[in-house]
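These protein sequences, in sequence, are chains W and U. In case it helps, numbering that gives the first Met the number 0 puts the first sequence at residues 0 to 155. In case it helps, numbering that gives the first Met the number 0 puts the second sequence at residues 0 to 404.
These are calculated hints, taken from the structure and not from any lab test. Hints are supplied without guarantee of correctness; some may be wrong.
[To be verified] So these bits of chain U aren't anywhere near chain W, every CB distance computed over 12 angstroms: (1) Thr3; (2) Asn13; (3) Asn14; (4) Gln34; (5) Val35; (6) Asp42; (7) Arg53; (8) Ala59; (9) Lys89; (10) Glu142; (11) Lys163; (12) Ile177; (13) Ser189; (14) Glu255; (15) Glu350; (16) Lys390.
[What the hints assert, rightly or not] According to the in silico footprint, chain W covers these stretches of chain U (three or more CB under 8 angstroms from chain W): (17) 301–315; (18) 337–344.
[To be verified] Each computed DSSO-like pair below joins lysine-lysine, with the alpha-carbon atoms no more than 27 angstroms apart: (19) Lys52/W to Lys114/W; (20) Lys15/U to Lys122/W; (21) Lys315/U to Lys15/W; (22) Lys3/W to Lys397/U; (23) Lys114/W to Lys368/U; (24) Lys114/W to Lys22/W; (25) Lys143/W to Lys103/W; (26) Lys397/U to Lys122/W; (27) Lys15/W to Lys400/U; (28) Lys143/W to Lys31/W; (29) Lys400/U to Lys122/W; (30) Lys46/W to Lys114/W; (31) Lys80/W to Lys105/W; (32) Lys400/U to Lys22/W.
Think of the CB as a built atom: it goes at the ideal place given N, C-alpha and C, for glycine as much as any other residue.
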Amino acid sequence: MDLKDLYQEIILDHGKNPRNLKKSDNFNKDAKGHNPLCGDKVHIYLKVDENNKISDIAFEGSGCAISMASASIMTDLMKEKKEIEVKELVDDFLEMIKQNPELKSKILGENEKTKLMSLSGVKKYPMRVKCATMAWHTLTAAMKNTNEETNTDKFE
Amino acid sequence: MNITNIKKQFPIFNNKVQNNDLVYLDSANSSQKPQVVVDRIYDFYTKEFSNVGRSVHYLAVAATNLYENTRVLVQKYINAKDPNEIVFTKGATEAINLVANTFGQKFLEEGDEILLTELEHHSNYVPWHYLRKSKGVKIKFAEFNSDGEVTLESIEKNITPKTKIIAITHLSNVTGAILPIKEITRLAHSKNIPVLVDGCQGAPHLKLDMQDVGCDFYAISCHKMYGPTGLGILYAKKKWLEVLPPYQGGGGMIREVKKEGITFGELPNKYEAGTMATAQVIAFGESIKFLNKIGIENIEKHENELTKYGEEILRKNNSVKLIGSPKNKGSVLSFTLDGVHAHDIATILDEDGVAIRAGHHCCQILHDKLGLSATARASLGVYNTKDDLDKLNESLNKCKKIFEG
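Based on the sequences and whatever the hints tell you, model everything.
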């Protein structure tokens with residue numbers, strides 16, 4: 000195991016200075032996520048336009064560097080993505096964290112892929128996987144605009 | 000007291016953990032087990048196994064005697080009046096549930112108040128919570144002060160004519176505060192209120208004398224006391240065990256079972272329905288002997304010295320903020336590190352073999368009040384040394400380095 004794989008520069012940067020960390024004033028979909036084991040919380044706000052495209056995304060939350068960086072990187076990547084692309088990216092990310100060595104989706108450019116792959120270090124730390132995936136599950140819930148809190152106990 | 004010799008008795012330290020010497024600072028969560036306890040479980044299953052209390056064959060009688068021997072060892076260890084005041088449970092959680100459930104059923108009515116403290120572990124809050132719905136009782140929380148202590152005054156302030164039971168921790172698993180349980184009991188008894196003490200953190204570290212404290216109930220977690228998991232103890236004054244209803248029904252706790260009705264058995268069987276954690280009970284006898292051999296006073300002294308040393312070095316570390324500074328403190332060091340979340344600390348420390356706990360430590364009420372979602376906690380046991388705390392501090396500096404870049 001190597002801590003440098005887990006705490007890469009990009010993770011530390013996004014963990015310390017998370018992008019899109021604010022309460023959105025102008026959202027039409029949202030969802031909350033919670034990891035009861037450690038107390039990490041995330042609230043994702045979306046503005047989805049008439050073409051089912053995310054025109055704005057923001058999040059509020061508190062948690063470890065991994066969970067903050069994951070939400071930060073995710074919200075950056077999801078801007079201007081259509082609903083169908085969001086689903087593809089979430090599935091691709093979760094499969095990568097679970098088993099796939101690489102991201103398969105063609106939606107992202109190389110730079111974006113590299114950025115997202117920086118979270119792959121958690122694979123070696125099973126106790127930390129949920130830190131990385133919570134925001135992504137919560138995004139799925141937000142797209143459905145579910146009122147039910149996404150609880151990390153409920154997903155793999 | 001020779002720590003090197005004591006540490007040698009714990010086989011876990013013989014092996015490397017991820018290529019590191021283990022620095023185990025998570026004893027408030029669960030302690031490691033001495034060889035005698037592990038051996039006792041093995042010997043019981045391989046040479047002496049039988050169920051207890053039922054059959055008349057040789058092994059059954061011998062196993063019953065071994066099982067009951069532990070009850071007497073525990074009785075003496077905590078200075079209870081009668082071995083029948085010792086009830087084995089599946090954990091301290093079940094011990095508290097037993098009291099909340101049976102006491103609630105028998106004595107609580109709508110509008111009655113239960114007094115807890117803001118320091119309580121979830122296991123001394125959630126069991127009482129059910130009574131809000133089933134009985135319509137109110138739960139009050141005595142506040143902790145800026146040092147992380149709950150004082151006698153804070154308890155007194157919250158007692159009303161409706162207070163029917165007080166349930167308090169002996170030693171906070173976050174701030175380390177040792178509560179004045181004797182004084183609180185005296186005050187409560189002057190108002191005819193019984194007291195339950197959650198002794199999960201107290202029992203492994205402090206000398207226990209039920210006659211001196213005088214509390215009505217005391218809950219113990221055996222796996223935090225160098226004993227096996229799956230076992231807890233409820234000490235309860237006989238007068239309570241006699242009047243409270245049974246908790247669970249099943250074999251072993253009955254006197255006579257007819258189609259028309261059932262009569263219940265005598266103490267302690269009344270509260271030990273079904274086959275109990277026999278091997279664990281017998282092995283826990285070895286934990287008590289282990290503690291007696293070293294002497295709890297010596298353990299307390301050793302852990303006090305270490306705690307002071309730990310506080311000293313962590314205070315010198317400018318990035319570390321200790322949570323709570325109680326005057327009377329047990330061997331728990333909770334802290335935050337500037338700019339690094341507790342879970343990141345725990346992962347980074349783990350790479351150096353330093354095992355700590357991170358999170359809310361099952362104390363969300365306390366963390367909410369402090370405005371923290373998580374803290375890191377190093378907690379000590381008899382096997383810890385100053386070296387362990389130095390390694391903790393070194394690893395914390397490594398965390399800082401990683402995060403500061």
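Do the hints match the structure? See the list:
Consistency note on threonine 3/U: stated as away from chain W, and its beta-carbon is indeed over 12 angstroms from all of that chain's, at 30 angstroms minimum. With a closest Cβ-Cβ approach of about 22 angstroms to chain W, asparagine 13/U is found to remain outside the 12 angstroms limit, as its non-interface label requires. At roughly 18 angstroms from the closest C-beta of chain W, the C-beta of asparagine 14/U stays outside 12 angstroms, upholding its exclusion from the interface. The Cβ of glutamine 34/U sits about 29 angstroms from the closest Cβ of chain W, beyond the 12 angstroms cut-off, so the non-interface label holds.
Interface exclusion of valine 35/U from chain W stands, the closest Cβ pair being 31 angstroms apart, more than 12 angstroms. For aspartate 42/U, the non-interface assignment is confirmed: its Cβ lies about 35 angstroms from the closest Cβ of chain W, beyond the 12 angstroms cut-off. The non-interface label for arginine 53/U is consistent with chain W: the shortest C-beta to C-beta separation is roughly 39 angstroms, beyond 12 angstroms. Here alanine 59/U stays apart from chain W, with its beta-carbon at least about 42 angstroms from theirs, past the 12 angstroms limit.
Look at lysine 89/U: its CB is around 22 angstroms from the nearest CB on chain W, clear of 12 angstroms, so calling it non-interface holds up. The non-interface label for glutamate 142/U is consistent with chain W: the shortest C-beta to C-beta separation is roughly 21 angstroms, beyond 12 angstroms. Residue placement check: lysine 163/U keeps its beta carbon more than 12 angstroms from all beta carbons of chain W (closest about 31 angstroms). At roughly 26 angstroms, the least C-beta separation between isoleucine 177/U and chain W is larger than 12 angstroms, which holds for a residue marked as non-interface.
The claim that serine 189/U is not at the interface with chain W holds, since no C-beta of that chain comes within 12 angstroms of its own (minimum 39 angstroms). For glutamate 255/U, the condition that its CB be more than 12 angstroms from all CB atoms of chain W holds, with the nearest at approximately 44 angstroms. Not every CB of chain W lies more than 12 angstroms from the CB of glutamate 350/U, the least distance being 5 angstroms, so the non-interface label is violated. No Cβ of chain W comes within 12 angstroms of the Cβ of lysine 390/U; the nearest lies about 16 angstroms off, and the non-interface call holds.
Under the rule that three or more residues need a Cβ within less than 8 angstroms of chain W, the assignment of the segment 301–315 of chain U is violated, with 0 such residues. Residues of the segment 337–344 of chain U lying with their CB closer than 8 angstroms to a CB of chain W number 6, which satisfies the three-residue condition for coverage. Between lysine 52/W and lysine 114/W, the direct Cα distance comes to roughly 22 angstroms. Compliance with the 27 angstroms bound is thereby established for this hinted pair. Only pairs whose Cα atoms come within 27 angstroms are accepted, and lysine 15/U paired with lysine 122/W is accepted, the gap being roughly 23 angstroms.
Of the pairs offered as hints, the one joining lysine 315/U and lysine 15/W holds, with about 25 angstroms between alpha carbons and a cut-off of 27 angstroms not exceeded. Between lysine 3/W and lysine 397/U the alpha-carbon distance is near 12 angstroms, which keeps this suggested pair within the 27 angstroms criterion. Proximity of lysine 114/W to lysine 368/U is assessed by CA-CA distance (about 37 angstroms); at most 27 angstroms being required, the pair is judged violated. Using a Cα cut-off of 27 angstroms, the hinted pair lysine 114/W and lysine 22/W holds, with the two alpha carbons roughly 24 angstroms apart.
For the hint linking lysine 143/W to lysine 103/W, the alpha-carbon distance of about 24 angstroms falls within 27 angstroms, and the restraint holds. Note on lysine 397/U and lysine 122/W: the hinted pairing holds, with a Cα-Cα distance of about 22 angstroms set against a maximum of 27 angstroms. With a C-alpha separation of about 14 angstroms, the suggested pair lysine 15/W and lysine 400/U falls inside the 27 angstroms cut-off, and the hint holds. Pair hint lysine 143/W plus lysine 31/W holds up; C-alpha atoms about 12 angstroms apart against a cutoff of 27 angstroms.
Taken as a hint, the lysine 400/U and lysine 122/W pair is honoured in the structure, with Cα atoms around 23 angstroms apart against an allowance of 27 angstroms. The hinted pair formed by lysine 46/W and lysine 114/W meets the criterion: a straight-line CA distance of about 24 angstroms does not exceed 27 angstroms. Between lysine 80/W and lysine 105/W, the direct Cα distance comes to roughly 13 angstroms. Compliance with the 27 angstroms bound is thereby established for this hinted pair. A hinted pair counts as satisfied when its Cα atoms are at most 27 angstroms apart, and lysine 400/U with lysine 22/W does not qualify at roughly 31 angstroms.
Consistency with the previously given hints fails for numbers 15, 17, 23, 32, ordered from lowest to highest.
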